[in-house]
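S.K.: Below are the chains, spelled out letter by letter.
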Amino acid sequence: MKKIFIPLTAIILLITGCAKQLDILPTQSVDESLVFDTDANIKAALNGAYDLASSGDLIGGNTQMYSELLGAGGEITWVGTFNQPDEIYNKSILTNNSFVRNTYLSGYRLINVCNNIIASIDKVNASDRDAVKGQALFLRGMAYFEMVKLFAKPYSAGNTSTNLGLQIVTTPTINGQVTAANNVPRSSVQQTYDQIIADLTAAKTIIGGDAGEYGSEYAVSAVLSRVYLQTGNYAGARDEANNVIENSGLSLESDYSNAFNNTSASSEDIYVLPVTAQDGSNEMHTYWSILDYGARDGDVEVNQEHIDLYDAADARLALFYIDDNDIYRSGKWKFQYKNLPVIRLAEMYLNRAESNFRLNSSVGASADDDIDMIRSRVGLPFINVTLLDILNERRLELAHEGQRIHDIKRLRLAVDGFDYDANELVFPIPLREINASAGVLVQNDGY
Amino acid sequence: MRKSIFLSLVLLLTVNVCLLAQKTITGKITDAKTGKPIGNASIMVSGTTSGTASLADGTFSIVVPQDAASIDVSVLGYKSKSASTNASTINFMLDESNTKIMDEVIVVGYGTKIKKDLTGNIAKVKGADVQNMPVTNLNQALQGRAAGVFVESNNGKVGEGVKVLIRGSGSISASNSPLYVVDGIPISTNSYSGNPIADINFNDVESFDILKDASAAAIYGSRAANGVVLITTKKGRSGKTTFQVNSQFGINNPTHYRGFLDAKEYVALLREAAINSDNLDGVDPLDPNQYPDSWLEFAEGRLDRYSGWSDWRTNQTNTNWEKLAFNKNAATSSLDVSATGGTDKTKFYLSLSSINQTGILIGNRLKRVSSRINLEQTVSDKFKVGFNLSLTQTKTGRVAVDNEFSTPMQIVALSPVTPQKDLDGNNYNAPTTTYSNPYVDYVDGKYNSTTYRNIGNIFGQYTFNSNWFFRSELGVDLQNQNDDQFYGANTTYGNGSNGYGESDWYRGLTYNSNNYFNFKKKIKEVHDLDAVVGMSFQQYNSDFASVYGEQFPTQQLQKLASAGLIKGGSSNESASAFLSYFARANYKFNNKYLLSVSTRIDGSSVFGIDRRYGFFPSVSAGWVLSEEKFLHNVKAISFLKLRASWGLTGNADGFGNFASRGLWDGSAYNGSGGLVPSQLANPDLRWEKSNQTDIGIDFGIFNNKISGEIDYYSRKTNDLIYNIPVPGNTGYSSKTVNVGSMENSGFEFVLNTENISKKNFKWSTSFNFAANKNKITKLDGEQTLLAGNDGRYLNSLIVGQSIGVFYGPKYAGVDPTNGDALYYKQDGTKTNDYNEAGNYIVGNPNPKCIAGISNTVSYKGFDLSVLFQGVFGNQIMNGAGGFMSASFDWFDNQTKDQLNRWRNPGDITNVPQLRLGGGNGISASSRYIEDGDYVRLKNITLAYNIPASTLKRLKLTSAKIYVTGVNLLTFTNYTGWDPEVNTDYRASNRNQGGDFYAAPQIKNYSFGLNLGF
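Listed in order, the protein sequences are those of chains A and B.
All residue numbers for the first sequence refer to the working numbering, where the first residue is 1 and numbers rise by one.
All residue numbers for the second sequence refer to the working numbering, where the first residue is 448 and numbers rise by one.
None of these hints come from the bench; they were simulated from the model.
If you're wondering where the values come from, they're calculated on a predicted model, not measured in any experiment.
Glycine is no exception: its CB is placed at the ideal position from the N, C-alpha and C atoms.
It is possible that some hints are incorrect.
Claimed, not checked - Distance condition first, Cα-Cα at most 30 Å in a straight line; then the derived DSSO-like pairs of lysine-lysine:
| no. | chain 1 | residue 1 | chain 2 | residue 2 |
| --- | --- | --- | --- | --- |
| 1 | A | Lys43 | B | Lys1182 |
| 2 | B | Lys1399 | B | Lys1307 |
| 3 | A | Lys123 | B | Lys1182 |
| 4 | A | Lys91 | B | Lys1277 |
| 5 | B | Lys868 | B | Lys1343 |
| 6 | B | Lys1272 | A | Lys91 |
| 7 | B | Lys1182 | A | Lys20 |
| 8 | B | Lys967 | B | Lys573 |
| 9 | B | Lys681 | B | Lys842 |
| 10 | B | Lys681 | B | Lys1407 |
| 11 | B | Lys1209 | B | Lys573 |
| 12 | B | Lys792 | B | Lys681 |
| 13 | A | Lys43 | B | Lys1014 |
| 14 | B | Lys1182 | A | Lys133 |
| 15 | B | Lys1399 | B | Lys480 |
To be verified - Covered stretches of chain A (in silico footprint by chain B; criterion: 3 or more residues with CB under 8 Å from a CB of chain B, positions within the stretch not fixed):
| no. | region |
| --- | --- |
| 16 | 26-33 |
| 17 | 37-45 |
Required output: the full structure, derived from the provided sequences and hints.
M.R.: Written out as structure tokens, the structure is:
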């Protein structure tokens, strides 16, 4: 039996040596507990939050495309084979539409990262604490804003305290804990906008920084200006736009076409998403450009009805190009691996002009002069503007940049036979959310 | 860890070699009836594990301890004999046995057993039965040969996915594949792409032992819920070195061409579809005034475009694109050389093999070169060491998955009016072809995968005394794979970017150590006890690196060194480990009563920290009734045994290595790194557990001329791992939890008969049949129905139904008044609005039963073996129906059945009116579901053995010429390419029975020559 003893010892040695071998850690991922522990990791999470915001599901192209598809009005046509955008274009969206679902999920994914950062802000070096928190608040406010515009009745529809807004979540998800408390009911449209405005106004005073690829005081102001326009607060929209125009140091590119297809921020980019061959997504390119330029097969076509809106002398007209099948394409999204401008300075002139006009004021400049800034660049003469002129200028200047349906809604226009507040112009809450909410989540009207 | 393994080996090697007194016994073993020598008989010192084998001339020499009382001689097909060790020369004359089939040695985990002593269910397939079958994957060779083992190739691509289900589908989201164990060492079934099982040269295999019930498999614990395939490679034997050479040539063709409209039909039906659509819009396109902007104008414009240089109006071109997807008479060849031999101390088996299969699809091929050395050295009568090593190179020319425009089969969508080439001799591509032309991807693209695979192990076995031995095994499975892709500027991927190139490198390393004691003792002639106790450790590591780029200067420069733009690159690694302790005891009383108990404790790194260890017990019992006195008088019954077993097995594969952790991954924004959340933590994550009960009968009647097995089993799997949806406002979409459960129950029947057994004429039959019923009993605990209608397929998860049943709209045929496609509403009435259609269970992709029957006939020098294999009771859904059988909804060429379309009021047909852009009946419904039953002549081989007299002159020991064929006949009502199908791009546990431009299976004819000397 002595000889049995020897291998038996060997086995015991093996056993004690091996138990530790089960402690295998991943090498491409870190445990969540390590992320919100150090200054450097929290800043990395902030950069991750910017990455999430720039994803195709959000402002990396799809939210812009949804707006244009919903507001098509015969000026563009979706001809692609994907049925999800087709449903949006036709305003007959199924509750299991995966694009709609992914936008909802990506929005909250971003919000959760922001919530995590804000909750751990004490771990950030004191000198950077305000800037980091400001950026997290900026991204959270912007995420809620992008979503409320799509998933809720427009502010302009009134009844803002009873119309359903979003699920407001401001605490982080940690340690895998998902409980009944996560079945958050929807707040009202008013509460949602209050949250957005609170986040952005808090961000504005502490964020600092310059316009470009990251949030800055001017990016916050620009988004706030948009928010105020949606809520009909023209004074707010005007003043925030004015802040950008007066203080950001940005200026319009001399040539309209220079505002697009860039590899670095243009002089009029207030917030721009960097896209390179290696990183970043520009879904506006993917769906609006053609195979020759590395895109899909030209899923969105620009129609003659849109082209006819331009004056023949309008330099913006020259940016459109015609493909081999004689179809107009938007030159703004022609080339692959080019930056995606989210907010341009031109929009601030238009916001300020419209607000000044409505309020009969001339903060910063007169509406006539602001509109002339836009018109003279594209070779159009000075005019004494009417509100309609301003709105028309806005429609052409910002064409196919994701503002159309939101302008239609706030201006209470109709599109493709649907009123501005029609159920069909509001996305459904994704079916998966309804199913996962244990009956708490209320679906939008019409679904 | 490595240090400790090394230590144990050193210990093993330095253990004192026993110096007890010994003596040598020599002798010869012959057939008592014919006097012919019997080679390869086993001669063992009674009650021990030490022994030797007789040489080809029947002689043997064995060293026995002085105190050994007797030696035992046994060989398959003869009755065993014992003799006392008093004499120094002992000759044995053995009588033929009629229990041949019951005496077969079955490999079980960490040991072997005689079939008649088995208490669990293990199916054995001999390597010789599948030798030289002209297929590339051993699972394809096993198809139809073992009861309850369902084998299905996704499609007819060589070197790609083959599904194996033992007794049904056991999991919803984790792995459903069995564990593969080669010579005691579990191998990896992971790879970057392709099928890692195709790296194994099955001509080296002595036997496949498939552990089906839980009592057989539980010794593999956490890995065994889906059964275990034990692969034992050939061993050397002492005696004269013998060589085997096998050379084979053959051709491959598809089993079936589907057939599409020819140019004349295409033009006629397309125009009809356009005119119908115009008429529905109130337009008469045949009126020249209404022609502009009509559907007809649009269609004829497309016909002009698709015709290229030719004129569709005069039927100038009639291209059969389907034929262009295939290689005609694709050549296959193989050459195997092996040598076996040794002395009583050293035994070896060596082999070198190459197989070269050109697939039936353009661009698809597999070349494998493999070598093997199996070596065993008896150091002393106490101690032996050995090593088994194989090295394989597999080179595969791969084609894109079935849903890619560039996959060869999608060529069938192109219009027959399109000429293959333009007037300059270049292949036409889009926009002349309807879609991008896969033939261009074939000519200007490549996807080469090269794998080097090294599976090997070394072992040492020390015998302490006649009761105990200790064995230590250390195994390595090393995979090195490189996938090299290039697509030129004209191809689908390379378009718009001047070519696309990608290089991927994968390395997988699995190492495994088994250390166990074996105890064997016979007490008072009636108690047989044998036991195993040991431990095992396994670690799996993988490394992956990839780089891809675009903008290649010319078509000739295809490596990434020439890429003008590197688009991206990445590397990653992963690892997992298992630590296990196991024990098993078998007890036999009086050869009548059998009892087996086993247990395994497994620790795995992939589970929550407090949930790592699992306990997997099993118990089984057998009662050999034929040994009872009351059956001794029943002459007809030669063997009868009742078996019953229960066991618990686990599943730890198929959901990632770190699923229990809350993790954040790296990301990038604006050129700097970031962190983003990737998964929710679940520290409670644990094994999927499978409870299986099996009751069986083994029988042999009329001198075992008829023998067989009947089994009933029930397998209940709980704690199924499932990604349950969580509210999106958490920032996550799902959490991985143990929540579901599923049941499989079924019946298996095996019957072997020796129909004729004369000197010159022998005929035997082996039949197997299995019926299985799969049922989901719980999903996430709340939902009972997860509908899977995605517009093309209907595979759903429904409590009370089988996994992946087809659930969705039921097609109600065509409205005879207007040609509309109709569906049943939920109330049973009909509607032409798909959105109003009700949902029904309209099919089940899981076969109700599978069967195989093989007949072996030998007459003088001729051998004929015929294997039929069948699958019954399942349905197949053609996900491409909405493109290829779609009433000309678009310009895809249509299947021939569209000729039966509705044309005039009153027409009764199942094919709706043709409408270009009309979407008439093209969404997923039972319209595209068909029965998938088939019976197939899987393999037939006719061989002629050259007579001994001629062999002597040629100085050969054996020579055989043969013709063989695979999939020569298929009997089915399925109208698609082939009923053995599950389109690769979506194949999963749930997504079964889908067809989507999947290549038909390969039909092979081969001719071969087999020489022994």
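S.K.: Now tell me if each hint is right for this structure.
M.R.: Each hint tested on the structure:
1. This hinted pair checks out: A:Lys43 and B:Lys1182 have alpha carbons roughly 26 Å apart, not beyond 30 Å.
2. In summary, the hint linking B:Lys1399 to B:Lys1307 is supported, as the alpha carbons are separated by about 18 Å, within the 30 Å threshold.
3. For the given pair, A:Lys123 sits about 28 Å from B:Lys1182 by alpha-carbon distance, which is consistent with the 30 Å threshold.
4. This hinted pair checks out: A:Lys91 and B:Lys1277 have alpha carbons roughly 27 Å apart, not beyond 30 Å.
5. This hinted pair checks out: B:Lys868 and B:Lys1343 have alpha carbons roughly 25 Å apart, not beyond 30 Å.
6. About 25 Å separates the Cα atoms of B:Lys1272 and A:Lys91, which keeps this hinted pair within 30 Å; it holds.
7. With a CA separation close to 27 Å, the supplied pair B:Lys1182 and A:Lys20 stays within the 30 Å bound.
8. Taken as a hint, the B:Lys967 and B:Lys573 pair is honoured in the structure, with Cα atoms around 27 Å apart against an allowance of 30 Å.
9. Straight-line distance between C-alpha atoms of B:Lys681 and B:Lys842 comes to about 25 Å, which keeps the hinted pair within the 30 Å bound.
10. At roughly 20 Å between alpha-carbon atoms, B:Lys681 and B:Lys1407 fall within 30 Å of each other, so this suggested pair holds.
11. Straight-line distance between C-alpha atoms of B:Lys1209 and B:Lys573 comes to about 19 Å, which keeps the hinted pair within the 30 Å bound.
12. Under the criterion of a C-alpha separation no larger than 30 Å, the hint pairing B:Lys792 with B:Lys681 is consistent with the structure, at around 17 Å.
13. Restraint check for A:Lys43 and B:Lys1014: the C-alpha separation of about 26 Å stays at or below 30 Å, so the hint holds.
14. The hinted pair formed by B:Lys1182 and A:Lys133 meets the criterion: a straight-line CA distance of about 29 Å does not exceed 30 Å.
15. Among the hinted pairs, B:Lys1399 with B:Lys480 is consistent with the structure: their alpha-carbon atoms are about 24 Å apart, no more than 30 Å.
16. Counting residues of the region 26-33 of chain A whose beta carbon lies closer than 8 Å to any beta carbon of chain B gives 8, which reaches the threshold of three, so the coverage claim holds.
17. Coverage of the region 37-45 of chain A by chain B holds in this model, with 3 residues showing a Cβ closer than 8 Å to a Cβ of that chain against a need of three.
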